[in-house]
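Participant: Here is how the chains run, residue by residue.
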Amino acid sequence: MSDATASNFTPAPLDSSKRTWLLTASCAGAVGAGFAAVPFVSSFQPSEKAKAAGAAVEVDISDIKPGELKRAEWRGKPIWILRRTPEMLESLKKDVAELADPHSERTAIPIPPYAKNDWRSIKPEYLVLIGICTHLGCSPVEKFTPGAQPSLPDNWPGGFFCPCHGSTFDFAGRVFKNKPAPDNLEVPRYTYLSDSKLLIGEDKKA
Amino acid sequence: MAEFKEISPNAPLGAKVGNWFNNRFPTAFAEYRKHMSEYFAPKNFNFWYFFGSLAMLVLVIQIVTGIFLVMHYKPDAAKAFESVEYIMRDVPGGWIIRYAHSTGASAFFIVVYLHMFRGLLYGSYRKPRELVWIFGCAIFLCLMAEAFMGYLLPWGQMSYWGAQVIVNLFAAIPFVGPDLALLIRGDYVVSDATLNRFFSFHVIAVPLVLIGLIVAHLLALHDVGSNNPDGIEIKQGPKGNRWSPDAPADGIPFHPYYSVHDIMGVGVFLMAFFAVMFFAPEMGGYFLEYNNFIPADPLVTPSHIAPVWYFTPFYSMLRATTDLMVNVLSVIIALGAVLGFLKCRCSMLLRGGLVLAAVVAIALLKTFDAKFWGVVVMGGAVIILFFLPWLDRSPVKSIRYRPSWHTWLYTVFVIWFLILMVLGIMVPGPIFSTPSLSWLTNELVAMVGTLFYFGFFLLMPWWSQLGEPKPVPERVTFKPH
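In order, the protein sequence lines correspond to chains R and C.
Counting the first sequence from 1 gives a position; this note's numbering is that position plus 661.
Counting the second sequence from 1 gives a position; this note's numbering is that position plus 111.
Be aware that a few hints might be false.
To be verified - FRET-style restraints, in silico, Cβ to Cβ:
no., chain 1, residue 1, chain 2, residue 2, range
1, R, Lys804, C, Val559, 26 to 32 Å
2, R, Val702, C, Lys127, 53 to 59 Å
3, C, Ser547, R, Ser703, 31 to 37 Å
Stated by the list, open to error - What the simulated footprint calls covered on chain C by chain R, stretch by stretch (three residues with Cβ under 8 Å from a Cβ of chain R suffice, anywhere in the stretch; the number is not a length):
no., stretch
4, 478-490
5, 539-547
To be verified - Covered stretches of chain C (in silico footprint by chain R; criterion: 3 or more residues with CB under 8 Å from a CB of chain R, positions within the stretch not fixed):
no., stretch
6, 297-307
7, 407-418
Note that these hints are calculated values from the structure, not bench results.
Beta carbons are placed, not taken as given, at the ideal position from N, Cα and C, and that holds for glycine.
Bound conformation, chain R alone (with noise of 0.2 Å):
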């Protein structure tokens, strides 16, 4: 391009229905971007064989021996099964000042409606689990030993323990207070198929 013809330029003028279909093709493109995104976005979610992967299991409760946890695995959690002995039992009762949501009040996780009492069970003997920590997801550890012991209080009643971020829970999976989890552990629905059988994930009688 030479100096001559640069100077002599003038603009053509402004041809407004050449700029109306520019921006709505801009914008019809701007829409076909966004549903280009549909798939990629929705491939984020659990595929339909994760989804699937939820049936509730059975758990033989019979060869738990007093103050014993047997640990099952359903939808890829850990679920505890706690036979609980009477000083266990007798412990829930001391420690409710101490602590967050003693009766399982609060909404985040809800308690299904035969667990929402003392022991959080169907049988006060009994207690089912998620073991999975309401902060952020570890397990917890048994810390069955009442009494001082480190990481712990010194009036420590015997509970569990969460490794990642210090929060403690009671025999009955109660959080103490200004711990950093906020709720209670989860309890997954689940129902006696006999006495020594257990189904966790569904609560009708199959």
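Guided by the hints, dock chain C onto chain R, whose structure is given.
Facilitator: Structure of chain C alone, referenced to chain R:
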């Protein structure tokens, strides 16, 4: 377009080849001059200025070793752990490549933390380098994402539970959190789907963004020019040096002066790097955590889990945010509002707005769980860095000419950062086993550290203006040697 240059047929072959390319691809020559041989950097750089080029070196190490690891690694929950052990034991040279990659991850953070601290010391984020700093902070964020997702790939216990905790952080966001966490995991728990997508992000998506940001970081830097330990703009000083009459008198060409200079830094760095890689690749459990040599078990969390050392300062801030911290924050906000109301020389309307804002803030603090605020604190600790260019109001850039007590304040800041780092590695609860000291918990100390960290930044507009700065010289301080 540049003129087509003819060259004498008697010219040497090298000159002819150079001319042939110069006529067809002049951009390459122009860019080489702009970024290398005619990029004039201040001549007074000290050792702190090694870490930028070292970060580039580590990036290259990570990309090259990463490419070779992908040839043998299997992103499958059933095979991932095994395939990493296969690389370590059966692939010839595999262990060197893998240890270089794992050591490189920690080296990246050491180098980047020092690089960022250099910026803090010499005010390298101040006008006109705000964008250089912001691109740098974005690079730091990408690096954290890259490190976090890469850590899931070996599918060990720490991989699994670390990912579980961090993904659940997103679930703490009110209203959309649980669905967001589900989208990230692609399953109701961390699973094969999560591993696959993290692999894709770790090897393709995040590195692409990272490289784009590094290009922007360097282009923006070369547009405004490098800062230096004196915080003096060499472009505003006298002109003319032995290479160009228009270049700043205190600038020297990046190549060969700093390229050769940086080779020395590379030499020292590689000595340390290889010493770790060959003699202590696990670095006592800090670079590669022992629990990660156990395959992932979704039913059992290891008795002590902690993130890798480079995340622990932010992690202990997360742990420190309990109900107690929320109450302390509410009190601080209330006191701030009262103080603002009494001391502010402004209209009644503005004062009323201040009190209203404080009331709303306290109400929000008490409405949502401490868990959510923990996530906000942890994220905020990184995000606050983006605002540094506007928080610092000191009349001088470099720490060299700040009031002496600024140096002490920066020292205390670094000490708190290191304390938070150590606390994040340790188990929560009482620090000492002595019963009389049982009140002194990890979380309590971390809370003080967190408050100091945020106080340092949020009060910076106030304290950075205090005190009498020392006289700033006209020209950079430089002793020829």
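Participant: Does each hint hold? Answer for all of them.
Facilitator: Hint by hint, here is what the structure shows:
For the pair Lys804 (chain R) and Val559 (chain C), the supplied restraint of 26 to 32 Å holds, since their beta-carbon distance comes to about 27 Å. About 55 Å separates the C-beta atoms of Val702 (chain R) and Lys127 (chain C), a value consistent with the hinted range of 53 to 59 Å. The hinted range of 31 to 37 Å is not satisfied by Ser547 (chain C) and Ser703 (chain R), whose Cβ atoms lie roughly 58 Å apart. Counting residues of the stretch 478-490 of chain C whose C-beta sits closer than 8 Å to any C-beta of chain R gives 4, which meets the bar of three, so the coverage hint holds.
Requiring three or more residues with a Cβ within less than 8 Å of a Cβ of chain R, the coverage given for the stretch 539-547 of chain C holds, as 5 such residues are present. By the rule of at least three residues with a Cβ nearer than 8 Å to a Cβ of chain R, the coverage given for the stretch 297-307 of chain C holds, with 6 such residues. Here the stretch 407-418 of chain C counts 8 residues with a CB under 8 Å from a CB of chain R, which clears the bar of 3, and the coverage holds.
The structure is inconsistent with hint 3 alone, although it conforms to all the rest.
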